[in-house]
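Colleague: One letter stands for each residue in the lines below.
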Amino acid sequence: MTTQTTTTVRMFGALHTIRRERGLEPTVEVSIPPGGCAACDLARELDLPREKIEAVFVNHLAYSLDHVIQPGDRVAFVPTGIPGPHRFLLGIYGAGLENKNQTISVSSA
Amino acid sequence: MTRILRINLTRKESSWDVIPEAYSGMGGRGLSSAIISAEVPAMTDAMGPDNIIVLAPGILAATTFPNNGRLSVGGKSPLTGTIKEANAGGAAAQKIARLGIAAVIIQGVSTEPVTVVIKNDEVTFHSAASLWGKGNFAAVDLLKEEYPGTALITVGPAGEKGLKASAIIVTTNDYHLRAAARGGLGAVLGAKKVKAVVIDDTGGPGIVIAEPGKFKDASKKVTDLILKHPLIGGLRAFGTPLLVGLMNEMGGLATKNFSRGKFEGAEKIGGEAFAKVLGERKNAAAAHGCMRGCIVQCSQIYTDEQGEVITTGLEFETVGLAGSNCEVDDLDAIARFDRACDDLGLDTIDVACAIGVAMEAGRIPWGDGEKLAEVVKSIYTEDQLGLLVGNGCTATGKALGVTRIPTVKGQALSAYDPRILKGTGVTYATSTMGADHTCGNAIPSPANPGYDASSPKGQNEISAFLQSYFAAIDSLGMCLFASLPLLDAPDLQQHLVDVVSAKLGIELPPGYVMEMGRSVCCQEREFNKLAGFGPKDDRLPDFFSKERLIPGGSLFDVADEDLDKVYAD
Ligand code: SF4
Chain A
1 MTTQTTTTVR MFGALHTIRR ERGLEPTVEV SIPPGGCAAC DLARELDLPR EKIEAVFVNH
61 LAYSLDHVIQ PGDRVAFVPT GIPGPHRFLL GIYGAGLENK NQTISVSSA
Chain B
110 MTRILRINLT RKESSWDVIP EAYSGMGGRG LSSAIISAEV PAMTDAMGPD NIIVLAPGIL
170 AATTFPNNGR LSVGGKSPLT GTIKEANAGG AAAQKIARLG IAAVIIQGVS TEPVTVVIKN
230 DEVTFHSAAS LWGKGNFAAV DLLKEEYPGT ALITVGPAGE KGLKASAIIV TTNDYHLRAA
290 ARGGLGAVLG AKKVKAVVID DTGGPGIVIA EPGKFKDASK KVTDLILKHP LIGGLRAFGT
350 PLLVGLMNEM GGLATKNFSR GKFEGAEKIG GEAFAKVLGE RKNAAAAHGC MRGCIVQCSQ
410 IYTDEQGEVI TTGLEFETVG LAGSNCEVDD LDAIARFDRA CDDLGLDTID VACAIGVAME
470 AGRIPWGDGE KLAEVVKSIY TEDQLGLLVG NGCTATGKAL GVTRIPTVKG QALSAYDPRI
530 LKGTGVTYAT STMGADHTCG NAIPSPANPG YDASSPKGQN EISAFLQSYF AAIDSLGMCL
590 FASLPLLDAP DLQQHLVDVV SAKLGIELPP GYVMEMGRSV CCQEREFNKL AGFGPKDDRL
650 PDFFSKERLI PGGSLFDVAD EDLDKVYAD
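Top to bottom, those sequences are chains A and B. The opening position of the first sequence corresponds to residue 1 in our numbering, with each subsequent residue numbered one higher. The opening position of the second sequence corresponds to residue 110 in our numbering, with each subsequent residue numbered one higher.
Source of the hints: derived by calculation from the structure; they are not laboratory data. Please read these numbers as outputs of a predicted model, since none were measured by experiment. Mixed in with the good hints there might be a few duds.
Reference excerpt, derived from the structure (chain B facing chain A, CB under 10 Å, subset only) [as the list claims (entries may be wrong)]:
| # | residue |
| --- | --- |
| 1 | L351 |
| 2 | G370 |
| 3 | E376 |
| 4 | G380 |
With beta-carbon atoms standing in for the labels, derived distance ranges [said to hold, decoys possible]:
| # | chain 1 | residue 1 | chain 2 | residue 2 | range |
| --- | --- | --- | --- | --- | --- |
| 5 | A | D66 | B | D283 | 46 to 56 Å |
| 6 | A | T27 | B | Q603 | 40 to 50 Å |
| 7 | A | D47 | B | G643 | 54 to 64 Å |
Think of the CB as a built atom: it goes at the ideal place given N, C-alpha and C, for glycine as much as any other residue.
Bound-form chain A, shown alone:
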């Protein structure tokens, strides 16, 4: 028997604004399959524009978007455009670099 564990997902800054503008909550409970799911897939499911995501926090640590989220994890999507030193400081810089090396095309908007 499998139990469904919900995962809390938070969205900060510009991502928070995007959710609000769509009339949606910036903090949601989602259900993650037992094998986990990649953060980028979760972002797609939440319809978050990928070019606006710098990295994802999972259980207080910053990762790139290919990180696999497990049921029960604490998840927060971090937008681009947070103060520079802190991007490095939060460990987001390295995660962001990995993202860029993979797939992200940065919108000029």
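Starting from the known structure of chain A, fit chain B with the ligand onto it as the hints suggest.
Modeller: Below, chain B with the ligand alone, put in the same frame as chain A:
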């Protein structure tokens, strides 16, 4: 900027001297610290007549370079006993620069309260008896009527009373208040009986740019690249309180006098909640510049439900320390605390930390937001607890018998817990200023993108890099926020060297920024050594390495040898 203005309060005299060769090409923090090192005996009583106050615009002040108007205020600190530079935005630095002044040196002591008016080639002294005792808002209202179009530098009742967490206030062009907050320099100016310094740049000679064409080109490159950087949008929309949610998510948001790293009420005081309030209230503004030529606009105008301005320029540090660190989840209460500190002329960081300590001692209930401003305002009536917190966190902790006092060299930490941000912890421990995140908030070198903030290893190198970089930025007079994109892009740093070369008319080496910053820090360190500081003072309070942070269980475990390496050579 070719001259030094020296004001002698004892004799009510002033002199305008050509800038000595030894100071040529210097500005801001670097110049201020050089003057203090040369003129203030390191062991002198910071509140005594031998201390001085230096007002120094940066090297790039009043040019077309973006965000160039930070004013460095220097002296020996009565809070830390070290050399001190505290800087603020506002209008004063650009006006002082347009008067052709590289630094104003205020020395001696007036026998009665005085307002000093600086105009082109003229300094006059006026009685400030009717202003003495007034809060900064009231004093600025009166002074701006009397001296329209000027920049004002004022001291509030906290500085008049000699409280050691007193700030020096600087007005913006639209007469909002900014603070050169740290280290108690407001008490030094107050001890000299100076209520206000008025800067009138009418008819001033203006600034000189040695190679205007080259300057314009290099400056434009920097401006364009800063504007394209993604952080600008984030700062404009949410201000620095955006960091509340992120730090909370990391488990490093100072909470309940640094006993925890996460705060349940974080969402209520974070940047997103902050932006919502500003979006809904009358007369509020999410983006506001505190100086001419600011292209970032991280400040804001925070109003109450009736549309009355409470405060402007509410920062992450204030929100974190008066909020989560006191378990207060009410943004309006935090904004009113910020206003009370501006009015009395106090450093929100040291005072909020002091209140956190007073809460730990049971003198104020945890989470009592209304008490924040109330305690600060009680300084007007010389209430004992008010006077205590006005003297800062160390004095409060000692008087109330609290052992967990989050200070280094007598100065309070910001809201970043050093058990999570260990590079920032190294900066808190080793900076020449006492605990001060603005001296080096753990930004790894662009050459080191794999930086792990939680590792105890290598943090000394990161901190040493940052302390030099930000000492240079403070010397250029550039706002720290505009300087951040430069850390992302090495070519931007070269443009910055080009800008300074063109301003001064000398060819500078590519390593100029870092070398200049390092030499500023080393000079300050030398002063501190003469004032009796040594490696034993470059340590965080014990509890950060003994009490595990909740949640996560981190300790500050950077080795003492690593702390000693920051300034080893
Ligand atoms: S970015 Fe913020 S602190 Fe810096 S000059 Fe602009 S408003 Fe002032």
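Colleague: State for each hint whether it applies.
Modeller: Hints, one by one, checked against the model:
1. Using the Cβ-Cβ criterion of 10 Å, the hint placing L351/B at the interface with chain A is satisfied: the shortest such distance is roughly 6 Å.
2. Annotation: interface hint on G370/B holds; nearest CB of chain A at approximately 9 Å, less than 10 Å.
3. Taking 10 Å as the C-beta cut-off, the interface hint given for E376/B holds, the closest approach to chain A being about 8 Å.
4. For G380/B, the suggested interface contact is upheld, since its CB lies about 7 Å from the closest CB of chain A, less than 10 Å.
5. One distance hint, 46 to 56 Å for the beta-carbon pair D66/A and D283/B, holds here, with the actual separation near 48 Å.
6. At roughly 43 Å, the beta carbons of T27/A and Q603/B sit within the given window of 40 to 50 Å.
7. The supplied range of 54 to 64 Å is met by D47/A and G643/B, whose beta-carbon atoms lie about 58 Å from each other.
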